[in-house]
Amino acid sequence: MKNLFVHIVLIAGIMAGVRGRVNAQTVQVVTKVVERTIACPDGLTQRISINARKADVQVRGWNRGVVGIRLRLVAKHTDRAVAEREVGYHQYTLQANGTVIELSNGFVIPQRAGKLQSQLKAVYEISIPNRALLTVNNSFGDVNLRDLAGETTVTFEYGKLNMNELTGKLTIKSEYGDVEGQSVNTTLVCRAEKADIILRDLGGTNRIQSRYGKLYIFPDAGTMDALVVTAERTEVALLPKNLDDFSYDLTAIKTQLYQPHATTDFWTRKNDSELLNYSPPGKKPRLQITSKYGPLHLMLFTKTDVPLGSK
Amino acid sequence: MNLPEHEPDPNLWDRIEARIQADATLNRAIEQLPEYEPDASLWERVEAELSDAKVVQIGRGATRSLGTVSWLAGAVAAMLVLAGGWLYLNQNSADERVTVAYSVEQVKTQATDLPQPQAESVRRDEAFIVRHCAEQKPVCQKPEVHELRSQLVELKQEQARLGKEIALFGADPALVRAQTKLESQRAEITRELVTLLQS
Amino acid sequence: MFRLATPPDISERALVEQCLDRDAPSLQRLAQRTLFERYKRAMFSTVFRLLNDYDAANDALQDGFVEVFRNLGGFRHESTLGAWIKTIMVRQALRQRRLFPVFQPLDTLTHDPPADLPDTLTGEQLDVAIRSLPDGCRAVFLLAEVEGYPHREVAQMLNISEGTSKSQVNYARKLLRQKLGKGNDL
Numbered sequence: 001m002k003n004l005f006v007h008i009v010l011i012a013g014i015m016a017g018v019r020g021r022v023n024a025q026t027v028q029v030v031t032k033v034v035e036r037t038i039a040c041p042d043g044l045t046q047r048i049s050i051n052a053r054k055a056d057v058q059v060r061g062w063n064r065g066v067v068g069i070r071l072r073l074v075a076k077h078t079d080r081a082v083a084e085r086e087v088g089y090h091q092y093t094l095q096a097n098g099t100v101i102e103l104s105n106g107f108v109i110p111q112r113a114g115k116l117q118s119q120l121k122a123v124y125e126i127s128i129p130n131r132a133l134l135t136v137n138n139s140f141g142d143v144n145l146r147d148l149a150g151e152t153t154v155t156f157e158y159g160k161l162n163m164n165e166l167t168g169k170l171t172i173k174s175e176y177g178d179v180e181g182q183s184v185n186t187t188l189v190c191r192a193e194k195a196d197i198i199l200r201d202l203g204g205t206n207r208i209q210s211r212y213g214k215l216y217i218f219p220d221a222g223t224m225d226a227l228v229v230t231a232e233r234t235e236v237a238l239l240p241k242n243l244d245d246f247s248y249d250l251t252a253i254k255t256q257l258y259q260p261h262a263t264t265d266f267w268t269r270k271n272d273s274e275l276l277n278y279s280p281p282g283k284k285p286r287l288q289i290t291s292k293y294g295p296l297h298l299m300l301f302t303k304t305d306v307p308l309g310s311k
Numbered sequence: 001m002n003l004p005e006h007e008p009d010p011n012l013w014d015r016i017e018a019r020i021q022a023d024a025t026l027n028r029a030i031e032q033l034p035e036y037e038p039d040a041s042l043w044e045r046v047e048a049e050l051s052d053a054k055v056v057q058i059g060r061g062a063t064r065s066l067g068t069v070s071w072l073a074g075a076v077a078a079m080l081v082l083a084g085g086w087l088y089l090n091q092n093s094a095d096e097r098v099t100v101a102y103s104v105e106q107v108k109t110q111a112t113d114l115p116q117p118q119a120e121s122v123r124r125d126e127a128f129i130v131r132h133c134a135e136q137k138p139v140c141q142k143p144e145v146h147e148l149r150s151q152l153v154e155l156k157q158e159q160a161r162l163g164k165e166i167a168l169f170g171a172d173p174a175l176v177r178a179q180t181k182l183e184s185q186r187a188e189i190t191r192e193l194v195t196l197l198q199s
Numbered sequence: 001m002f003r004l005a006t007p008p009d010i011s012e013r014a015l016v017e018q019c020l021d022r023d024a025p026s027l028q029r030l031a032q033r034t035l036f037e038r039y040k041r042a043m044f045s046t047v048f049r050l051l052n053d054y055d056a057a058n059d060a061l062q063d064g065f066v067e068v069f070r071n072l073g074g075f076r077h078e079s080t081l082g083a084w085i086k087t088i089m090v091r092q093a094l095r096q097r098r099l100f101p102v103f104q105p106l107d108t109l110t111h112d113p114p115a116d117l118p119d120t121l122t123g124e125q126l127d128v129a130i131r132s133l134p135d136g137c138r139a140v141f142l143l144a145e146v147e148g149y150p151h152r153e154v155a156q157m158l159n160i161s162e163g164t165s166k167s168q169v170n171y172a173r174k175l176l177r178q179k180l181g182k183g184n185d186l
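Chains A, B and C, in that order, are what the protein sequence lines are. For the first sequence, the numbering used here assigns the number 1 to the initial residue and increments by one for each residue that follows. For the second sequence, the numbering used here assigns the number 1 to the initial residue and increments by one for each residue that follows. For the third sequence, the numbering used here assigns the number 1 to the initial residue and increments by one for each residue that follows.
Because the hints were derived from the structure by calculation, they are not lab data. No residue lacks a Cβ here, since even glycine has one placed at the ideal position from N, Cα and C. There's no promise every hint is true.
So the derived list for chain A, only partly shown, Cβ under 7 Å to chain B, looks like this [claimed, not checked]:
id, residue
1, R36
2, K173
3, Y176
4, L239
5, L243
6, L300
7, F301
Pairwise CB distance ranges, derived in the manner of DEER restraints [as the list claims (entries may be wrong)]:
id, chain 1, residue 1, chain 2, residue 2, range
8, C, N170, B, E17, 51 to 61 Å
9, B, Q21, C, S167, 17 to 27 Å
10, A, D265, B, I166, 52 to 62 Å
11, C, N71, A, E102, 21 to 31 Å
12, C, D119, A, Q95, 33 to 43 Å
13, B, D9, A, P41, 25 to 35 Å
14, A, T264, B, D9, 53 to 63 Å
15, B, E192, A, F107, 33 to 43 Å
Mimicking BS3-like on lysine-lysine, the simulated pairs with C-alpha atoms at most 27 Å apart in a straight line are [stated by the list, open to error]:
id, chain 1, residue 1, chain 2, residue 2
16, A, K254, A, K169
17, A, K115, B, K164
18, B, K137, A, K115
19, B, K137, B, K164
20, A, K241, A, K292
21, A, K173, B, K164
22, B, K156, A, K292
23, A, K169, A, K270
24, C, K179, C, K166
25, A, K270, A, K284
26, A, K270, A, K173
27, A, K254, B, K137
28, A, K173, A, K115
29, B, K142, B, K156
30, A, K241, A, K284
31, A, K173, B, K137
32, A, K270, A, K292
33, B, K164, A, K292
34, A, K270, A, K254
35, B, K142, A, K292
36, A, K241, A, K169
37, B, K156, A, K270
38, B, K164, A, K254
39, A, K254, A, K292
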C-alpha cells in the first residue's frame, strides 16, 4: 500500500512537470498568430477535425454556432533573427471543407536550412459549439478539453490529455501519452498503452483498456453508471470515497489484489487469480476490473489520507 | 475635547499590501507586453505616398492603398521574401487575420539534458537477459518473457524514431520528456524481465 | 535581415540627417526605410493596442510615417526620436477614430475586485486583458500607464479633463485586476 502512495506522489510529480536540474535563459519569442472564425451552425452536421503536430491544443465548448480559432505558431531562440526565419517553417490549414472543418499544422524545413535551431511549437486555442463532433490528433504536445458535450475522439502519442467537465461520447487512444480527467461523465472508450491515467470524479459509462501504465480511478457515486477495465502490466488503483457506493467485481491475474479490511470476507483465490466480489445492499453501479501482471488496489479515498500532491 | 479613535477593519493592511503587490505585478507585465508586426506591405504604402505615386484602392482596409512600387521597393521586397519567406501576412484569406508578436521569455532549460543513455545498471541487466536467454533456459520460453522481450524491442525502435525527431527538432522539451518516458519504461521492463528470469 | 546601404547601427542624428538629404534621393529613401524598420514594431504595437483593430492600426501607421517624413525637418532633438514619432502616431491613431473616448460610467464595478494577481502574469496575458478593456478607458490606460504620458497630456490628447484621465486609469486597473485576478480565467 505504501508503494502505491509513493507512486501516486511520483505520478503527481511527473504530471506536474517536475524534472531534474533546470537553468534559466532569456529567449526571443516570435509568435505568428492566426485568427479565424468558421461558421458551424448546429455543430452536428460538420466534423471538426484537428490534426496537430508538436502542438498544445486547447478546445473549449461554447454556446455559439461558430468555431473560433486562434493558432499561435511560435519560434523561440536566443537570436531573434533565427526565430524570425524559422517561424516561417510552420505550416497550417484552417478551412471548412464540405462537412469537415479542418484545422491542422505541420512543419516544412527547407533542406538547405540544415538543422533547426529554434524551438518550434504550435498552440491552438479553439472554441467550438459544445455539442460538436470533434476529432483531435496530436503528438508531442498537450491536449486540453473543457466543457464539451458532443462526440469527441482524441488520438495522441506522448504529451498529456487534460479533460474537464465533459459529457457526451468520448473515445481516447493514447500511446505513451498521459491522461488526467476531472468530472468526466461520458460514454468513454479508452485504449491506452504506456500511459499514466488519473480520472477524478469519474462518472458515466466507461470501458478502459490499459497496457504498461498506471491507472488511478476515483469514481463519483453520483454520476457513475458503469466501469469495465481491462488492464495488463498496469498498476491499477480504484479509489472510491465510500465502499458501499458501488458493487465490485475485481480480478487480479498473476498479480496481487490489495483491498480494505472490510471486504476480506468477499475475497477468494482461484488458480493464479485473486477475486473480489462485493455488492452492498441495494442496486449500485458496478465496477469491474481485470488486471493481469499488474497490481490491483481497492482503497478508500479521503482527501486527508492520500497525499495526492498534484496542483 | 478629544474625539475618540476608531480601529479600521483588521484586514485593511492585508488589502493594502495585496494592492501594492498587484500594482507591482502589473507594472512588471507592462514592461513585457508583446510587440506586433504591421502589415507586410506597409512600407510600400508609405513609400507610394512619399513618391506621390498613383494610389490604387483595393479591397477593404487590409491593404488600403498600394502604390506603383518603385524598382527599389520591389528589389527590397524580393530580398525580404528570399531572406525570410514569411512576409505574406494577412493575405492568406479574406477572413483570416495574421499578426506577428515579439516577446522575450525566461525559459527554464534543461541545457543538454537529453536523458543519459542507459544507466550502467540497466545495461548490465540487458546484457544479463541476452546472455541468459542465449543459453536456451526454459524460463525464456515462457509467454510473459517473450512478451516483455518483444516490448523491449518495440521500445528500442520507438527510441530510434524519437532520435530522428530530436535530430530534426533539437532537444525540445516535449521530445526530451518523451525520451525520458521511454527510458523509464525500458528500465522498468528490463527490471521486470530480470526478476522473472531469476525467479 | 535587411541589407541596406544605411548601416543598421547608424546614430539617430545621422539617420535623421540622411532622411532629410534631398540631394541623394536613393540614399534618402534607404535612410527612411531604415528609420521605418527601426520603429515600425514599437509604433504598431502602441497603435494596434490603442485602436484594437489591425486594419485601422495599419492605416494610422501609414499616415503617421508619411507625416513623420514630411515633418522630420522640424524635429529639434528635444526628446528622443522615438518619443517624437510616438506622439505623431498616437495622434494619428486618435484621428482614425473620431468617437474614440466613449467612457464607461465609473459605477459599473460595485465592489473592489480581489487585488491578488498571479506572480506568473505574463505580458501576453496582460495584452489580452488590455485589449478587452472598454475603448476609452483602454486608451487612457495605455497612454498614461504604458506609454508614460503625463495626465495633463493624456487629457489634452483625448479632450477630457485631467481628473477623468486619472479616474479612468484607476478604473482600468480595477478592471484588469478583475480580469487577471487569481482564479479568473481569461
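Hints versus structure:
| no. | hint | result |
| --- | --- | --- |
| 1 | R36 | 5 Å, holds |
| 2 | K173 | 16 Å, violated |
| 3 | Y176 | 6 Å, holds |
| 4 | L239 | 23 Å, violated |
| 5 | L243 | 31 Å, violated |
| 6 | L300 | 28 Å, violated |
| 7 | F301 | 25 Å, violated |
| 8 | C/N170 to B/E17: 51 to 61 Å | 18 Å, violated |
| 9 | B/Q21 to C/S167: 17 to 27 Å | 22 Å, holds |
| 10 | A/D265 to B/I166: 52 to 62 Å | 54 Å, holds |
| 11 | C/N71 to A/E102: 21 to 31 Å | 49 Å, violated |
| 12 | C/D119 to A/Q95: 33 to 43 Å | 40 Å, holds |
| 13 | B/D9 to A/P41: 25 to 35 Å | 53 Å, violated |
| 14 | A/T264 to B/D9: 53 to 63 Å | 56 Å, holds |
| 15 | B/E192 to A/F107: 33 to 43 Å | 37 Å, holds |
| 16 | A/K254 to A/K169 | 33 Å, violated |
| 17 | A/K115 to B/K164 | 12 Å, holds |
| 18 | B/K137 to A/K115 | 47 Å, violated |
| 19 | B/K137 to B/K164 | 36 Å, violated |
| 20 | A/K241 to A/K292 | 25 Å, holds |
| 21 | A/K173 to B/K164 | 23 Å, holds |
| 22 | B/K156 to A/K292 | 24 Å, holds |
| 23 | A/K169 to A/K270 | 37 Å, violated |
| 24 | C/K179 to C/K166 | 20 Å, holds |
| 25 | A/K270 to A/K284 | 26 Å, holds |
| 26 | A/K270 to A/K173 | 33 Å, violated |
| 27 | A/K254 to B/K137 | 21 Å, holds |
| 28 | A/K173 to A/K115 | 32 Å, violated |
| 29 | B/K142 to B/K156 | 22 Å, holds |
| 30 | A/K241 to A/K284 | 14 Å, holds |
| 31 | A/K173 to B/K137 | 37 Å, violated |
| 32 | A/K270 to A/K292 | 14 Å, holds |
| 33 | B/K164 to A/K292 | 34 Å, violated |
| 34 | A/K270 to A/K254 | 11 Å, holds |
| 35 | B/K142 to A/K292 | 15 Å, holds |
| 36 | A/K241 to A/K169 | 25 Å, holds |
| 37 | B/K156 to A/K270 | 37 Å, violated |
| 38 | B/K164 to A/K254 | 38 Å, violated |
| 39 | A/K254 to A/K292 | 6 Å, holds |
In this structure, the earlier hints numbered 2, 4, 5, 6, 7, 8, 11, 13, 16, 18, 19, 23, 26, 28, 31, 33, 37, 38 are contradicted, and the remaining ones agree with it.
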